[in-house]
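Novice: From first to last, the protein sequence lines stand for chains A and B. Per this note's numbering, numbering of the first sequence is gapless, rising by one per residue and ending at 451. Per this note's numbering, numbering of the second sequence is gapless, rising by one per residue and ending at 1193.
Source of the hints: derived by calculation from the structure; they are not laboratory data. Do not rely on the hints blindly, as some may be mistaken.
[As the list claims (entries may be wrong)] If the Cβ cut is set under 7 Å, some of the chain B residues that face chain A in the computed set are:
1. Gly810
2. Val1078
3. Gln1093
Note that the structure is a prediction, hence the values are computed from the model and not measured. C-beta atoms are modelled at their ideal positions from N, C-alpha and C, and glycine is treated no differently.
The residues making up each chain are set out below.
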Amino acid sequence: MNHSKARGLRAIAAMFDLARQAGRPAFLPFFPMGYPSPEASLDAIRTLAAAGADGFEIGVPFSDPLADGPTIQAATQIALEKGMTVPKVLASIKTLRAEGLTQPILLFSYVNPLLAYGIDELIAAANAAGVDGLIIPDLPPEEADLFAGACDEHGMALVFFLAPTSSDERVRLVVNQARGFIYVLSLTGVTGARRDLPPDLSDFLGRVRVQAGSTPLVLGFGISQPEHVRSIAPHVDGFIVGSALVKAAAAGTDSLHELALRLRHATYEES
Amino acid sequence: MTTPDPTIRVASTDVPDERGYFGPFGGRFVPETLVPALDELEAAYRAAMADPTFQAELAHLQHSYTGRPTPVSYAKRLSEHLGGAQIYLKREDLAHTGAHKINNALGQALLAKRMGKQRVIAETGAGQHGVASATAAALLGLDCHVYMGSVDMARQRPNVFRMKLLGAEVIPVESGSKTLKDAINESIRDWVTNVRDTFYLLGSALGPHPYPMMVRDFQSVIGIEARQQILDQAGRLPDLCIACVGGGSNAIGLFHAFRADEGVALLGVEAGGRGIDSGEHAARFADPTISRPGVLQGTRSYVMQNEDGQILNTHSISAGLDYASVGPEHAYLRQTERAGYTIATDDDALAAFRLLSELEGIIPALETAHAVAEVIKQAPKLPKEAMILVNLSGRGDKDLDTVIEALGFD
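The shape of chain B in the complex, shown without the other chains:
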């Protein structure tokens, strides 16, 4: 295993512009109190990324602490079972804390430390970002406070205990739908109150500029590694990259390195919940009757809303995809047709969860199972020479309670 070369941490790109826009999406729709803090954050981020010392420290931690590079595994039995394309898994489930979220959390926590902010706050849906933030805070000696909807706390109990063990304070959020969206609202309210000494460690590629750019950049290590690994293993680039999309950080992290590779199709998978027709889902792109461009939590993107602009409650079996909006860069990739987006229902995800466990010995997170579900649909339609690279964004131990209940195991 070689130490990753710090000079390729960030792939260059034409978006966002200096105001944080990805085409018509993105921007900075926040109370005035936060604008100076976002300016300060952006300046500190740009300075850090240009500083070889910061880059070396991040690369060192990624290697010696997170366990990067994570491997790319050839899924031989799954490929044979589906009888079509060859399937490769980028194993973010093997990163420390069990998901890709640590990539961003470590980057932002290092930045908080560099900015002299001792107190960090984070929101969490599935709990993976909360665990990653609590972990990074423990490692770097920061005080960590995590906002989590009470509904999510009930369905992701192991992660609540993990965060507490790591020394973080977990603050239940009882407003609204008591899920990820409400945890973000509460985090923003905390930040606007304690803005002078607090760093908001936002967990996905959404929110006001510079977060979508910064989170993408910290997650882009996924695609940068995977692109080289698949070249080394298979001798060429994949035909199709697949990742699940909640806010969209693991997907943008995989897609970013392949943006300029015209022969590589990019496909994001949203949560289809109980099906589009049921209205109970989190498919921001798939259901134009209740989702269109709007402004939620600091950014302009697709938002699930009623005709009066009130944000709708969403549903997904996976807490991490259960969110009413989507990162603005995904809206841009879709508009420019560089990436496609589809859905997997709760049932699709549960079937994929079982199949990957049984055929590959890998229990995926329920979020990740949505990406695997799309692999199950796509692979049989493709020739044996075709290659699919899927981001195995997290492990599924946290979801066992949910799956046991849904599948009726005893």
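Next comes chain A alone, as it looks inside the complex:
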């Protein structure tokens, strides 16, 4: 690895260090670039930053998002209709960086739009635009060779998932391949706000933690309310909220800001 270029992994590690020192998990909001329009999505990300986001997961729209529920399906469809593409996502991130946004940014994209761009070219361009890592929901570690070399060359995170169905053997595999953090799925299913998180979630997180050691664990899928954040805070290093924020954004900037603040403040509170 060329350490002079390894900004992404370093920035992500620093984000978790800071949150750990404060005794709270990092808040990593997801937002689809291009929804409800290219300019409005930039505003949404600025709003989330103002509300105290520790890092960002920026959605690249794809026509066939098979891991997403109705909220993000609809949002990414709108983003596509508004002409959002991988190059425009990268240009938008460049704009945010030029404005002084310093938090880590990870791209959330399915494999095919990245393949179409060209993997090596994509990772170089993303690195230059200020992207710190990739989260690819249809890329299990067995298929990661396609991306791993170029990510390592640029010091970019390549985030793999663990699910409640993952065996201990698979937990070991993902821990060994982890670059940046592990995205732990709270439930079996697609993205989308849920009223309750699964009752056996802390058992699952405990099972992962035994093998993960100090590798950061970030929980996602289903998280939508401050009480969810309070219940998981002792067990994770970070959490992702997507669909609930997309819904809030549809109701206006004030709603988005208010929900983001409530989620962020919940990280300080005892469960």
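We have chain A already, so just place chain B on it with the hints.
Specialist: Chain B only, in chain A's frame:
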């Protein structure tokens, strides 16, 4: 009629490798949640195929329920009309439910039962796989839920009623282009949610490993039978095998047994829709301007996409060929030049649909009519001694509404 010998159910092959790759195509591009389920499925599948009891049960059902072996019919009048090669039809339209889809559906449903999965889900395009899945589920006492695009539900109404009569729940899919691709997305979303107790009965030779291999193996009975039947009837192997290719399960099922027969050419026919130049088609191999290798729905193969990697809407008069990608083994057979691929347009298929009906008394499915259209092009160019074997993959009753509208019958 003799009972098929269960020991020849599966032809051995060098592909896929242990990671599910056919050369550079295939693999397993799915969310982590499904990887353990695919591992479990693959292990159960391999154990079942090595178990003589499972093989005997499948062979028994194929014989006593599906009606296998299906015959090979010599198409005398069509051959004479075209004036060239002699044409033989592998009659999968005579299999129970009227298409080859039952071969795979029965195999997978038996496997679901063996794995203790009571709930099965399936996607369907033309409705033939949905009907086959609902049928197998009724036979074996499983709960069946079928995802079907609302556009396809409108153009294949008889099959929607059939599935409901068979006790299946048909769930309309309103996302995307509301066709087969979207029904697969919705099936995967269901499976990722209910993965612990649900079996995904995938209908074509695509999706993540082990599906392309498993579907091929369950469909390979077509070619295994046909190869022996044509040897018995004509005394030698055919010069050319032709089949239509949507996902590609009937084609791979026919081709597989002939893979090692060097003198037998293999030709797949994709949906040319309104013509390649129109851009409205499902010709994944024929149009490099909008189709190239990519990843869709768990597998790496040729995918119709724009320059940003967004999947394009496809068009075919036949719902079963109207799909933006193609089974990875077909991409491999094409790359290694073991098989060739061509297209038939909507109009070609409609003409073939009429000709086969009038000359042979067989109304083919519109999907199948694409293969027949290629026979119409190839046969006159070949000498009378030449032999063409075409997979008559399904019957056309389900397509009557579409054809009546397209041809303006009243």
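Novice: Each hint should be assessed against the structure and marked as holding or not.
Specialist: Evaluation of the provided hints:
no.: 1; hint: Gly810; result: holds (6 Å)
no.: 2; hint: Val1078; result: holds (4 Å)
no.: 3; hint: Gln1093; result: holds (4 Å)
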